[in-house]
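> Going down the list, the protein sequences come from chains E and R. Heads up, the first sequence is in this note's numbering, so the first residue is 1 and it goes up one at a time. Heads up, the second sequence is in this note's numbering, so the first residue is 1001 and it goes up one at a time.
Don't take each hint at face value.
[Stated by the list, open to error] Here are the simulated BS3-like pairs of lysine-lysine, each with C-alpha atoms no more than 30 angstroms apart in a straight line:
1) E:38 with R:1248
2) R:1317 with E:105
3) R:1317 with E:63
4) E:330 with R:1170
5) E:170 with R:1170
6) E:330 with R:1105
7) R:1255 with E:38
8) E:374 with E:470
9) R:1317 with E:444
10) E:83 with R:1103
11) E:105 with R:1149
12) R:1083 with E:257
13) R:1388 with E:68
14) E:330 with R:1083
15) R:1068 with E:391
16) E:149 with R:1105
17) R:1306 with E:103
18) R:1306 with E:149
19) R:1257 with E:330
20) E:248 with R:1038
21) E:68 with R:1038
22) R:1149 with E:83
23) E:207 with R:1038
24) E:68 with R:1068
25) E:312 with R:1063
26) R:1028 with E:28
27) E:374 with E:312
28) E:68 with R:1306
29) R:1103 with E:149
Worth flagging that the hints you see were computed from the coordinates, not collected in a lab.
Protein chains: 2
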Amino acid sequence: MQKDNDFVKEISSKEEDFSQWYVDIVRKAELADYTTIKGCMVIRPYGYGLWENMQAGLDRRIKETGHKNAYFPLFIPESLLNKEAEHVEGFAPEVAWVTYGGKEKLEERMAVRPTSEAIICSLYSKWVKSWRDLPILINQWVNIVRWEKVTRLFLRTTEFLWQEGHTVHKSKEEAEEETLKILNQVYRDYIESDLAIPVIVGRKTEKEKFAGALHTYTLEALMTDGKVLQAGTSHNLGQNFARAFNIKFLDEDQKEKYVWQTSWGTTTRLIGAIVMVHGDERGLKLPPKVAPIQVIIIPIIFDQSKQKVLEKVAQLKSRLQSNFRVEIDKRDEYTPGWKFNHWELKGVPLRIEVGPKDIEKGQVIVVRRDNSQKMTVKEENLIEIINKSLKDIQENLFQKAKQFLEENIREVANFEEFKEIIEEKRGLIRTYWCGNRDCEEKVKEETKATIRCIPFKQEKTSGKCIYCGKESSTLVYFARAY
Amino acid sequence: MQKDNDFVKEISSKEEDFSQWYVDIVRKAELADYTTIKGCMVIRPYGYGLWENMQAGLDRRIKETGHKNAYFPLFIPESLLNKEAEHVEGFAPEVAWVTYGGKEKLEERMAVRPTSEAIICSLYSKWVKSWRDLPILINQWVNIVRWEKVTRLFLRTTEFLWQEGHTVHKSKEEAEEETLKILNQVYRDYIESDLAIPVIVGRKTEKEKFAGALHTYTLEALMTDGKVLQAGTSHNLGQNFARAFNIKFLDEDQKEKYVWQTSWGTTTRLIGAIVMVHGDERGLKLPPKVAPIQVIIIPIIFDQSKQKVLEKVAQLKSRLQSNFRVEIDKRDEYTPGWKFNHWELKGVPLRIEVGPKDIEKGQVIVVRRDNSQKMTVKEENLIEIINKSLKDIQENLFQKAKQFLEENIREVANFEEFKEIIEEKRGLIRTYWCGNRDCEEKVKEETKATIRCIPFKQEKTSGKCIYCGKESSTLVYFARAY
Chain E
1 MQKDNDFVKE ISSKEEDFSQ WYVDIVRKAE LADYTTIKGC MVIRPYGYGL
51 WENMQAGLDR RIKETGHKNA YFPLFIPESL LNKEAEHVEG FAPEVAWVTY
101 GGKEKLEERM AVRPTSEAII CSLYSKWVKS WRDLPILINQ WVNIVRWEKV
151 TRLFLRTTEF LWQEGHTVHK SKEEAEEETL KILNQVYRDY IESDLAIPVI
201 VGRKTEKEKF AGALHTYTLE ALMTDGKVLQ AGTSHNLGQN FARAFNIKFL
251 DEDQKEKYVW QTSWGTTTRL IGAIVMVHGD ERGLKLPPKV APIQVIIIPI
301 IFDQSKQKVL EKVAQLKSRL QSNFRVEIDK RDEYTPGWKF NHWELKGVPL
351 RIEVGPKDIE KGQVIVVRRD NSQKMTVKEE NLIEIINKSL KDIQENLFQK
401 AKQFLEENIR EVANFEEFKE IIEEKRGLIR TYWCGNRDCE EKVKEETKAT
451 IRCIPFKQEK TSGKCIYCGK ESSTLVYFAR AY
Chain R
1001 MQKDNDFVKE ISSKEEDFSQ WYVDIVRKAE LADYTTIKGC MVIRPYGYGL
1051 WENMQAGLDR RIKETGHKNA YFPLFIPESL LNKEAEHVEG FAPEVAWVTY
1101 GGKEKLEERM AVRPTSEAII CSLYSKWVKS WRDLPILINQ WVNIVRWEKV
1151 TRLFLRTTEF LWQEGHTVHK SKEEAEEETL KILNQVYRDY IESDLAIPVI
1201 VGRKTEKEKF AGALHTYTLE ALMTDGKVLQ AGTSHNLGQN FARAFNIKFL
1251 DEDQKEKYVW QTSWGTTTRL IGAIVMVHGD ERGLKLPPKV APIQVIIIPI
1301 IFDQSKQKVL EKVAQLKSRL QSNFRVEIDK RDEYTPGWKF NHWELKGVPL
1351 RIEVGPKDIE KGQVIVVRRD NSQKMTVKEE NLIEIINKSL KDIQENLFQK
1401 AKQFLEENIR EVANFEEFKE IIEEKRGLIR TYWCGNRDCE EKVKEETKAT
1451 IRCIPFKQEK TSGKCIYCGK ESSTLVYFAR AY
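From just these sequences and the hints, can you work out the full model?
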């Protein structure tokens, strides 16, 4: 029989080797695995179950704000990708190219979509004629390919899954409103409420914005190793693509005008964020709202009482399953202790233990994954206690992450201190920046830290640019990022 | 203002040009459209909404039978695809090949998945060790690419969407049981109950089976032009892939054995089947269970009563929307008559008309799409009537299609009659076949008809092979197919 601590030992220490700890968790919890194809991962059923719950929560918000899903082609002819100059410059280096169809060499090679602006705009130019056709509010859930040199499970892979929204509006104001609505009402609410990950929101610098956009808004999350991860972006495309793809409409005033557009996306890398924000030495901690299994029932089996215990847990499951995502682990090749570790590694929010003595007393043991709290619960109170505990866990994960984020936003007196903190403590540094791209690039060269965003919340004060010392009123967040 | 019949005139006659009628419906109802990429379509929001409802029904059945979703890579290295000889022979001619990643030429070119057996088996060979790891019951919802020469929206496109199940079992019997469970309990129930399309089920001949399978089961549906469409297939892969990919397990008897596998799929071409089975001269007729909009409310607007009518329809919608998928068409650039045609073209099962006189009488007009039946309904009975009508429409569509199928299964006295019927009436011909591949191929050459399946229901009689005249007890269905 497999003993208690077998596999937990196989996980690297989070403290000592965060990177390897991350890979161990992702693989041992069976979220994803490597394949023989360089940079491509397989998302295993447990990881995909998590993704399905994440999708459900985000898809609901996308639809509630008036968007509809559609599906655009995987392939983009090279000439189409070339239409918007900045866009192609940004994406061409990482495009996978199809050059043969069966035995035939293609006349024009085709990009496997690295993002879909080009193909979608080519269709919008056919669909949009009058102001009555606007707005167009479309989203799609698809696979994306970017030929990455260095890859990491979920965080940076050659192929990943995402949703990408692409909208068309008749005015600049409406496009800006949409860009911000997606950022705050859709993405921020999804990431904070469902994934329990607090974010900092703001605008990207010119250097960091999306290739082809007017400007890009972003949500940035802090991982527990002190590095930051871009959790989602929302782009105001202005009229750049409208001009490149000739998307015009006849307005109410009978004048022909270029449309205004937005695009926005979040990806499977958020699964990586969940691992890195909430996980601990023992494994995953999944937020209850998206956990594939919210409650795992472990029968405590002795020979004489086996039948009785198995009947009881089956009964419990059937009572609970209309309210919760619940499973029983009744494998008999593993000890209960092994199973406790196994399901902790998998991050299941609540464990229920049922032994013969519990049955006699009409009770079960409930254990929380987030804080190891153990409760003896009378059967008649079980649904209520589970409900409350799942809510508490969701809130507790968020509050803990929020406290960690707040504790790791620092201000610095000068660039020397900046370098020291970035090297030793990491986290976010909140400081002034003169707005000059040179300073931004120099800081990156010297510290590997980039400007994550220019937060919406600015102050009426000013200070010295962290690099050149010039007086500026622009506060930014610097950090090393995934 | 747009007049009543403007666009219905733009649809080709179903009677006179079925092919063009089909394309017109798909495009005018905004299910899908062509793109600049040869053979690739865009699935528009209305078509994708239909697909989402189809997915929901099938995904539920797939999960209820114990399967879980996952995601495997889009790319398959050529060497992996080459491992199973029959498989690569069947698929290589239609593979799109990626040869460049960014500016770098790849050492080994990669297939864009034409189906995923090869990549999935390469992982199963790592995952499967013991009998305790079995069965593996996995499904994925993904895009697929096959380089087709002649394409038609939904029916045959270079890229399409599908689900593909891939399971692993410890015995031949269990694999066969799975193959049949998917065919009957999952696919047949989904296609007949949700899509209202009756099917004939049976086994494919050796010639028509899946490349690499032991045998293939199929569901065949009859379109209203007399041609047949393969609606789904379920393959017993035997141990062919297990041997090619070395997938072995240590059984309870401590012996190492090859696993037994199945795979099965249904695609977006079923959307095409819905169009061709249920549609009529006026457009789509969508089965209520999968219709993106089940009820469309049309306010009948006159200047004086406009406000009152708009308030009433808003009220109605908010009352109905917790039970039904309901929308209001309150655009004022179109007449009510134009809107009736428009939503009939889009196949919405029920239309509700509300005018000022109806409000005075506390009633609405309800019109069924399937048989044009018009009902005056008291407001208090509305939910009940809609519920009943949607059920009736679902059942009526199925019964009508079933009757058409039964009327178009014919028996023939000889090959002359066979040719005549295939040419003039089409439909299915139920006849004997000697089992010889030569006869099968000759019939195809001379009539374009193929053996659609060897039905499970055989009789104890025998008869003459339709081509060579040899005595045989094997009944088969011949038809021309999409």
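> Taking the hints in turn, state whether each one holds.
Checked hints:
1. The suggested pairing of residue 38 of chain E with residue 1248 of chain R holds, with an alpha-carbon distance near 25 angstroms, which does not exceed 30 angstroms.
2. Taking the CA atoms of residue 1317 of chain R and residue 105 of chain E, the gap is about 54 angstroms. The hint is violated against a cut of 30 angstroms.
3. Between the alpha carbons of residue 1317 of chain R and residue 63 of chain E the distance comes to roughly 17 angstroms, so the proposed pair stays at or under 30 angstroms and holds.
4. Note on residue 330 of chain E and residue 1170 of chain R: the hinted pairing holds, with a Cα-Cα distance of about 21 angstroms set against a maximum of 30 angstroms.
5. A distance of roughly 60 angstroms separates the Cα atoms of residue 170 of chain E and residue 1170 of chain R; the hinted pair therefore is violated under the 30 angstroms criterion.
6. The straight-line distance between the Cα atoms of residue 330 of chain E and residue 1105 of chain R is roughly 51 angstroms, outside the 30 angstroms bound, and the hint therefore fails.
7. Our distance criterion of 30 angstroms between C-alpha atoms is broken by residue 1255 of chain R and residue 38 of chain E, whose separation comes to about 34 angstroms.
8. For the suggested pair residue 374 of chain E and residue 470 of chain E, the alpha carbons sit about 56 angstroms apart, so the restraint of at most 30 angstroms is broken.
9. Using a Cα cut-off of 30 angstroms, the hinted pair residue 1317 of chain R and residue 444 of chain E is violated, with the two alpha carbons roughly 55 angstroms apart.
10. A distance of roughly 19 angstroms separates the Cα atoms of residue 83 of chain E and residue 1103 of chain R; the hinted pair therefore holds under the 30 angstroms criterion.
11. With a C-alpha separation of about 14 angstroms, the suggested pair residue 105 of chain E and residue 1149 of chain R falls inside the 30 angstroms cut-off, and the hint holds.
12. For the suggested pair residue 1083 of chain R and residue 257 of chain E, the alpha carbons sit about 56 angstroms apart, so the restraint of at most 30 angstroms is broken.
13. A threshold of 30 angstroms between alpha carbons decides the hint, and for residue 1388 of chain R with residue 68 of chain E the separation of about 28 angstroms falls inside it, so the pair holds.
14. Pair hint residue 330 of chain E plus residue 1083 of chain R does not hold up; C-alpha atoms about 38 angstroms apart against a cutoff of 30 angstroms.
15. A hinted pair counts as satisfied when its Cα atoms are at most 30 angstroms apart, and residue 1068 of chain R with residue 391 of chain E qualifies at roughly 26 angstroms.
16. This hinted pair checks out: residue 149 of chain E and residue 1105 of chain R have alpha carbons roughly 14 angstroms apart, not beyond 30 angstroms.
17. Of the pairs offered as hints, the one joining residue 1306 of chain R and residue 103 of chain E is violated, with about 63 angstroms between alpha carbons and a cut-off of 30 angstroms exceeded.
18. Using a Cα cut-off of 30 angstroms, the hinted pair residue 1306 of chain R and residue 149 of chain E is violated, with the two alpha carbons roughly 62 angstroms apart.
19. Note on residue 1257 of chain R and residue 330 of chain E: the hinted pairing holds, with a Cα-Cα distance of about 26 angstroms set against a maximum of 30 angstroms.
20. Under the criterion of a C-alpha separation no larger than 30 angstroms, the hint pairing residue 248 of chain E with residue 1038 of chain R is consistent with the structure, at around 25 angstroms.
21. With a C-alpha separation of about 25 angstroms, the suggested pairing of residue 68 of chain E with residue 1038 of chain R holds against the 30 angstroms cut-off.
22. Proximity of residue 1149 of chain R to residue 83 of chain E is assessed by CA-CA distance (about 28 angstroms); at most 30 angstroms being required, the pair is judged to hold.
23. Only pairs whose Cα atoms come within 30 angstroms are accepted, and residue 207 of chain E paired with residue 1038 of chain R is rejected, the gap being roughly 36 angstroms.
24. For the hint pairing residue 68 of chain E with residue 1068 of chain R, the CA-to-CA distance comes to about 26 angstroms; that is within 30 angstroms, so the pair holds.
25. Proposed proximity of residue 312 of chain E and residue 1063 of chain R is supported: the alpha carbons are some 24 angstroms apart, at most 30 angstroms.
26. Between residue 1028 of chain R and residue 28 of chain E the alpha-carbon distance is near 50 angstroms, which puts this suggested pair outside the 30 angstroms criterion.
27. A C-alpha spacing of about 20 angstroms is found between residue 374 of chain E and residue 312 of chain E, which places the hinted pair at or below 30 angstroms, so the restraint holds.
28. For the proposed pair residue 68 of chain E and residue 1306 of chain R, the alpha carbon gap of about 29 angstroms is at most 30 angstroms, so the pair holds.
29. Restraint check for residue 1103 of chain R and residue 149 of chain E: satisfied, since their Cα atoms lie roughly 12 angstroms apart, inside the 30 angstroms limit.
Against the hints set out earlier in the document, violations occur for numbers 2, 5, 6, 7, 8, 9, 12, 14, 17, 18, 23, 26.
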